[in-house]
Amino acid sequence: MIVIKAQDLTFTYSGSKKPAIENLNLEVKEGEFIVITGPSGCGKTTFARCLNALIPSFYRGEMKGFILVLGMDISKSTTSQLSKYVGFVFQNPENQLFSLSVERDVAFGPENLGLPREEVRRRVEWAMKVTGITHLRHAAPYELSGGQQQRVAIASILAMKPKIIVLDEPTSFLDPLSAHQIIETVSNLRSEMEITIILIEHRLDLASRYADRVIIMDRGRIILEGPPSKVYGEDAEAIGVGIPKISLLFNLLKREGYDLGCTPVTLEEATQAIRRRIMDDRS
Amino acid sequence: MSLKLFEGFRFTGKRTPIHRMDPRPKLLIASSIFLLSILFTNIIVLLILLIAQLPLIYLAKSLRRWSNSLRGGAVLATLIFIMNFLTGSTLVFSLSMTLRFLVLISAFSLFFLTTSPDDLGLVLERLHLPYTLSFTFTTAVRLVPTVALEAQTIVDAQRSRGLELDRGNIIERLRRHIPILIPLIVSAIRRSTELAEALESRAFGSCENRESLITLSMKWTDYFVAIATIIILLVGIFVRLWIPLPSLDESIRLPSIWV
Ligand SMILES: Nc1ncnc2c1ncn2[C@@H]1O[C@H](COP(=O)(O)OP(=O)(O)OP(=O)(O)O)[C@@H](O)[C@H]1O
Ligand SMILES: [Mg+2]
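Top to bottom, those sequences are chains A and B. Residue numbering for the first sequence is 1 to 283, as defined by our numbering. Residue numbering for the second sequence is 284 to 542, as defined by our numbering.
Extracted from the complex, chain A is given alone in its bound form (with noise of 0.2 angstroms):
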């Protein structure tokens, strides 16, 4: 099933004259996981805003094409009423967290749904379980690091039991292990449920390990996009994409003539490459 279809989607701020997104054209399936990169202002964020409505309702600017999330039209629909399917989180923990206690802030959500409280209860408890934080339950979240704060925000958006969870480079507040932790959980969370993941990364040394796609933008256009061991080619170095190191070892191995046959995204991958090479080499 398609969850995301966007046809020539492009969209300029009002004010500005240049579109932030051009002519994007992108179909996602339910349960798939998706990495968007690329570098600063090429329009990934703007692009995430389509997905819950955030554009056009609460940025004003002219649209262009059309957007479908879950079938609806993002055009005529509103924030609220998508926050049941589409989760968002955001890049600073410290302004999407309201509340004193980590409890009250993940029940904030289906709260405003007007869920009945043992609904509540019960969803609270689960999201607080799926990301590791059952034992914060009482502390406030800005007593909190900021990984745990980023786990509380997921936390809140799963308990609304979305459909789509949209996460906008949550890990750019974080230091290396707390980043590597919040990627993890993420990516547990399919095993959880039944959920499409659109995650915008900087980090795609621990992001590409789970991806199913990778989508490489630059200057408002999707330039390249496929499985990570297809993307992670010159052409995502020429872009300034900070692919993952042992990809961009593969490709100056190549460039030196080195050609080890493909692209490999995690350690694994590599030493199977080397060790097949190895192998072919003996016989």
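Hint data in this document are derived by calculation from the structure and do not stem from the laboratory. Careful: at least some of the hints might be erroneous.
[Stated by the list, open to error] Computed footprint of chain B on chain A; a stretch qualifies when at least three of its residues, placed anywhere within it, have a C-beta under 8 angstroms from a C-beta of chain B:
no. : region
1   : 52-65
2   : 92-102
3   : 119-130
4   : 136-145
[Said to hold, decoys possible] Pairs of lysine to aspartate or glutamate, EDC-like flavour, derived with a Cα cap of 20 angstroms:
no. : chain 1 : residue 1 : chain 2 : residue 2
5   : A       : K5        : A       : E30
6   : A       : K161      : A       : E125
7   : B       : K344      : A       : E143
8   : B       : K297      : A       : E143
9   : A       : K84       : B       : E491
10  : A       : K5        : A       : E194
11  : A       : K84       : B       : E480
12  : A       : K29       : A       : D73
13  : A       : K29       : A       : E62
14  : A       : K163      : A       : D73
15  : A       : K163      : A       : E192
16  : A       : K161      : B       : E455
17  : A       : K76       : B       : E480
18  : A       : K129      : A       : E119
19  : A       : K64       : A       : D8
20  : A       : K245      : A       : D280
21  : A       : K18       : A       : E62
22  : A       : K245      : A       : E256
23  : A       : K245      : A       : E268
24  : A       : K161      : A       : E192
25  : A       : K84       : A       : E256
26  : A       : K84       : B       : E494
27  : A       : K18       : A       : D218
28  : A       : K161      : B       : E480
[To be verified] If you want the ones that stay clear, here's a sample from chain A, every Cβ over 10 angstroms from chain B, calculated:
no. : residue
29  : T10
30  : G109
31  : I157
32  : R209
A virtual CB, placed ideally from N, CA and C, is assigned to each residue, including glycine.
With chain A held as given, fit chain B with the ligands onto it using these hints.
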């Protein structure tokens, strides 16, 4: 100084009997102290009202923060004293007015130090205020220390670039504050946009009859405290109306010293 004052009103999630108390009896205590301190000008009563809060503050393990809020109010308190004394009030009366101000600060500091803005929101909801209104109020309360901290960061940053805030006459000083104000306003606007976006994404305001996960419930200790407070308040009103208190007023006034 201003930051210290905010510290003295900022909720900290400690686990003490006072923190755990239902917010309603706490609000009752604070308002009763408020009322009594307005009713009486007698310096002894005002002193008792101040001292009576000490055990509560001690129980709440908040002595340091509480004293911060009093120290934060010290400048204003001194001003109140000087104004009263200079305009011909007696020494004792001027002291009483100063004390009254400190009693008020202390009472509300005690309330805000030990009551989570979330609980305050629940009280406002109980009073049938629209949810958006109570939410706005609690968010404002919650953001005060954050914004204060941010202001401090901006002041430090601009100082390290050579901005001198305390030089020149009043106009000059105000002008020197502009480089503080502009970044502060810009960041406040950015913050409010981000908050609004996040609120929208969490279905804020999409449903009329929302049910809060946490509800307020009074334990017997809360009832006990509430009833005790009401009795003390009634006794206070009774004393004020029917029993004349001994006055300490020695009629020391500024002109009498001068003459
Ligand atoms: N609210 C806005 N009003 C006007 N222009 C905007 C607004 N938000 C973004 N833009 C512009 O749209 C373009 C795309 O910005 P966007 O935030 O989508 O990029 P991004 O890929 O998310 O970048 P980053 O990696 O820095 O987050 C930029 O040129 C930016 O200046
Ligand atoms: Mg962005």
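Checked hints:
1. Requiring three or more residues with a Cβ within less than 8 angstroms of a Cβ of chain B, the coverage given for the region 52-65 of chain A holds, as 3 such residues are present.
2. A stretch counts as covered by a chain when three or more of its residues have a beta carbon under 8 angstroms from one of that chain; for the region 92-102 of chain A and chain B the count is 8, and the coverage holds.
3. Proximity of the region 119-130 of chain A to chain B, defined as three or more residues with a beta carbon under 8 angstroms from a beta carbon of that chain, is established by the 3 residues found.
4. Note: the region 136-145 of chain A has 5 residues with beta-carbon separation from chain B under 8 angstroms; the three-residue rule is met and the coverage holds.
5. For the hint linking K5 of chain A to E30 of chain A, the alpha-carbon distance of about 11 angstroms falls within 20 angstroms, and the restraint holds.
6. Under the criterion of a C-alpha separation no larger than 20 angstroms, the hint pairing K161 of chain A with E125 of chain A is consistent with the structure, at around 13 angstroms.
7. Of the pairs offered as hints, the one joining K344 of chain B and E143 of chain A holds, with about 18 angstroms between alpha carbons and a cut-off of 20 angstroms not exceeded.
8. In summary, the hint linking K297 of chain B to E143 of chain A is supported, as the alpha carbons are separated by about 12 angstroms, within the 20 angstroms threshold.
9. As the CA atoms of K84 of chain A and E491 of chain B are separated by approximately 16 angstroms, the hinted pair is consistent with the 20 angstroms bound.
10. Distance hint between K5 of chain A and E194 of chain A is fulfilled; the C-alpha atoms sit about 19 angstroms from each other, no more than 20 angstroms.
11. A hinted pair counts as satisfied when its Cα atoms are at most 20 angstroms apart, and K84 of chain A with E480 of chain B qualifies at roughly 15 angstroms.
12. With a C-alpha separation of about 17 angstroms, the suggested pairing of K29 of chain A with D73 of chain A holds against the 20 angstroms cut-off.
13. In summary, the hint linking K29 of chain A to E62 of chain A is not supported, as the alpha carbons are separated by about 27 angstroms, beyond the 20 angstroms threshold.
14. For the suggested pair K163 of chain A and D73 of chain A, the alpha carbons sit about 16 angstroms apart, so the restraint of at most 20 angstroms is met.
15. For the suggested pair K163 of chain A and E192 of chain A, the alpha carbons sit about 12 angstroms apart, so the restraint of at most 20 angstroms is met.
16. Proposed proximity of K161 of chain A and E455 of chain B is contradicted: the alpha carbons are some 56 angstroms apart, above 20 angstroms.
17. Only pairs whose Cα atoms come within 20 angstroms are accepted, and K76 of chain A paired with E480 of chain B is accepted, the gap being roughly 18 angstroms.
18. Among the hinted pairs, K129 of chain A with E119 of chain A is consistent with the structure: their alpha-carbon atoms are about 15 angstroms apart, no more than 20 angstroms.
19. A threshold of 20 angstroms between alpha carbons decides the hint, and for K64 of chain A with D8 of chain A the separation of about 7 angstroms falls inside it, so the pair holds.
20. A hinted pair counts as satisfied when its Cα atoms are at most 20 angstroms apart, and K245 of chain A with D280 of chain A does not qualify at roughly 25 angstroms.
21. Taking the CA atoms of K18 of chain A and E62 of chain A, the gap is about 11 angstroms. The hint holds against a cut of 20 angstroms.
22. For a cut-off of 20 angstroms, the pair hint linking K245 of chain A to E256 of chain A stands: about 17 angstroms separates their Cα positions.
23. Only pairs whose Cα atoms come within 20 angstroms are accepted, and K245 of chain A paired with E268 of chain A is accepted, the gap being roughly 13 angstroms.
24. As the CA atoms of K161 of chain A and E192 of chain A are separated by approximately 11 angstroms, the hinted pair is consistent with the 20 angstroms bound.
25. Proposed proximity of K84 of chain A and E256 of chain A is contradicted: the alpha carbons are some 52 angstroms apart, above 20 angstroms.
26. At roughly 17 angstroms between alpha-carbon atoms, K84 of chain A and E494 of chain B fall within 20 angstroms of each other, so this suggested pair holds.
27. Distance restraint check for K18 of chain A and D218 of chain A: the Cα-Cα separation of roughly 14 angstroms lies within the 20 angstroms cut-off, and the hinted pair is therefore satisfied.
28. Between K161 of chain A and E480 of chain B the alpha-carbon distance is near 19 angstroms, which keeps this suggested pair within the 20 angstroms criterion.
29. Chain B leaves T10 of chain A outside its interface by the beta-carbon criterion, the shortest separation being 22 angstroms against a cut-off of 10 angstroms.
30. The Cβ of G109 of chain A does not lie farther than 10 angstroms from every Cβ of chain B; its closest approach is about 4 angstroms, which violates its non-interface assignment.
31. For I157 of chain A, the shortest C-beta to C-beta distance to chain B comes to about 8 angstroms, within the 10 angstroms cut-off, and the non-interface label is violated.
32. Its beta-carbon lying about 27 angstroms from the closest one in chain B, R209 of chain A satisfies the requirement of being farther than 10 angstroms from that chain.
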